Amino acid sequence: ADPAGNSFYVPYTGNLDKRSCSDGSVVWSEAVSNISLTADMMVLNDQVFVATTDGDVEKRDAGDGTLEATFEAGASVELPLLGDGQMIYVTPKSSKVYKVDVSTMDTVWEKDIGKVNTGPAFMGFTGQPAQRTGILYAAAEDSVYRITDNGSSATIDWTYWAGDTVSSGPIEYDGVLYFGREGGRYYAVEDNGTSGDLVNKWPYVGASGNADTGPWIDRGNSRAIFATTGGDLEAFELE
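Residues 40 to 278 in the working numbering are what the sequence shown spells out, letter by letter.
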């Protein structure tokens, strides 16, 4: 949905619709070749950003759907986009993470993490808003990475090896990363700045298949919630 809550966007094969929240009517519809149905789009600064399996991220006018600019990621984009207003982060089906300037759609930096992305990036920030240092967490194959966004470049701070493909998360809450991997295991890893350390009692082993969706943080009940290939939701107490 757009930030004002007046409309929402519907991707489907070859098209993108903007629809009214009040009655579901079509505001506009644009053809988008090979639109990605799994990479959640973003609405920023009166533009909507849409990914494709051709490896493009399109910036379109949210008012009428006009294509304004395109970023080429070089590989299919199937994971959700991440951003905060001035930039977006793109994790294509390759070993690279990109930071893209939303005004120009040019690459600010690219970081090769050595393994193919398997989970969407998650962002946390440290420092004051005017002088903040961006912290990204990315999942690629059997590992989770902490990446510092230095502005015009990026640094990998540490890597945590999980032993099998990380297919849900990571998500960070209060200095702890939660994620799930194939083999039905759920992890809580403390971010100590220079290393990621497994929290005592973890990993937990699920009884209903692999964690392939989420996790979500339920702050009210202090829970990390995972969805599994066995059709269950499994909740664990936050650390």
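These are calculated hints, taken from the structure and not from any lab test. The structure presented is a predicted model; accordingly, all values stated were derived computationally and were not measured. Where a beta carbon is used, it is the ideal one built from N, C-alpha and C, also for glycine. Misleading hints may appear alongside valid ones.
Stated by the list, open to error - Calculated pairs, BS3-like style, for lysine-lysine (alpha carbon to alpha carbon, straight line, at most 30 Å):
{"#": "1", "residue 1": "Lys-132", "residue 2": "Lys-150"}
{"#": "2", "residue 1": "Lys-154", "residue 2": "Lys-240"}
{"#": "3", "residue 1": "Lys-154", "residue 2": "Lys-132"}
As the list claims (entries may be wrong) - Here are the in silico distance ranges between beta carbons for each label pair:
{"#": "4", "residue 1": "Asn-45", "residue 2": "Thr-77", "range": "32 to 42 Å"}
{"#": "5", "residue 1": "Asp-103", "residue 2": "Tyr-51", "range": "33 to 43 Å"}
{"#": "6", "residue 1": "Glu-149", "residue 2": "Gly-124", "range": "13 to 23 Å"}
{"#": "7", "residue 1": "Ala-70", "residue 2": "Gly-232", "range": "26 to 36 Å"}
{"#": "8", "residue 1": "Asp-103", "residue 2": "Asn-73", "range": "35 to 45 Å"}
{"#": "9", "residue 1": "Trp-200", "residue 2": "Val-65", "range": "44 to 54 Å"}
{"#": "10", "residue 1": "Trp-67", "residue 2": "Asp-213", "range": "21 to 31 Å"}
{"#": "11", "residue 1": "Thr-194", "residue 2": "Val-155", "range": "44 to 54 Å"}
Here is how each hint holds up against the structure:
Among the hinted pairs, Lys-132 with Lys-150 is consistent with the structure: their alpha-carbon atoms are about 14 Å apart, no more than 30 Å. As the CA atoms of Lys-154 and Lys-240 are separated by approximately 28 Å, the hinted pair is consistent with the 30 Å bound. Restraint check for Lys-154 and Lys-132: the C-alpha separation of about 10 Å stays at or below 30 Å, so the hint holds. The hinted range of 32 to 42 Å is not satisfied by Asn-45 and Thr-77, whose Cβ atoms lie roughly 25 Å apart.
Evaluation of the 33 to 43 Å hint for Asp-103 and Tyr-51 yields a failure: the beta carbon distance comes to about 19 Å. Here the CB-CB span from Glu-149 to Gly-124 is close to 21 Å, well matched to the stated 13 to 23 Å. Taken as a hint, the range 26 to 36 Å is violated for the pair Ala-70 and Gly-232, whose Cβ atoms sit roughly 47 Å apart. Range check, Asp-103 to Asn-73: about 22 Å between beta-carbon atoms, so the 35 to 45 Å window is missed.
The hint said 44 to 54 Å for the Cβ distance between Trp-200 and Val-65, and at roughly 47 Å that hint holds. Take Trp-67 and Asp-213: their Cβ atoms lie about 41 Å apart, and the range 21 to 31 Å is violated. Under the hint 44 to 54 Å, the C-beta atoms of Thr-194 and Val-155, about 20 Å apart, miss the expected range.
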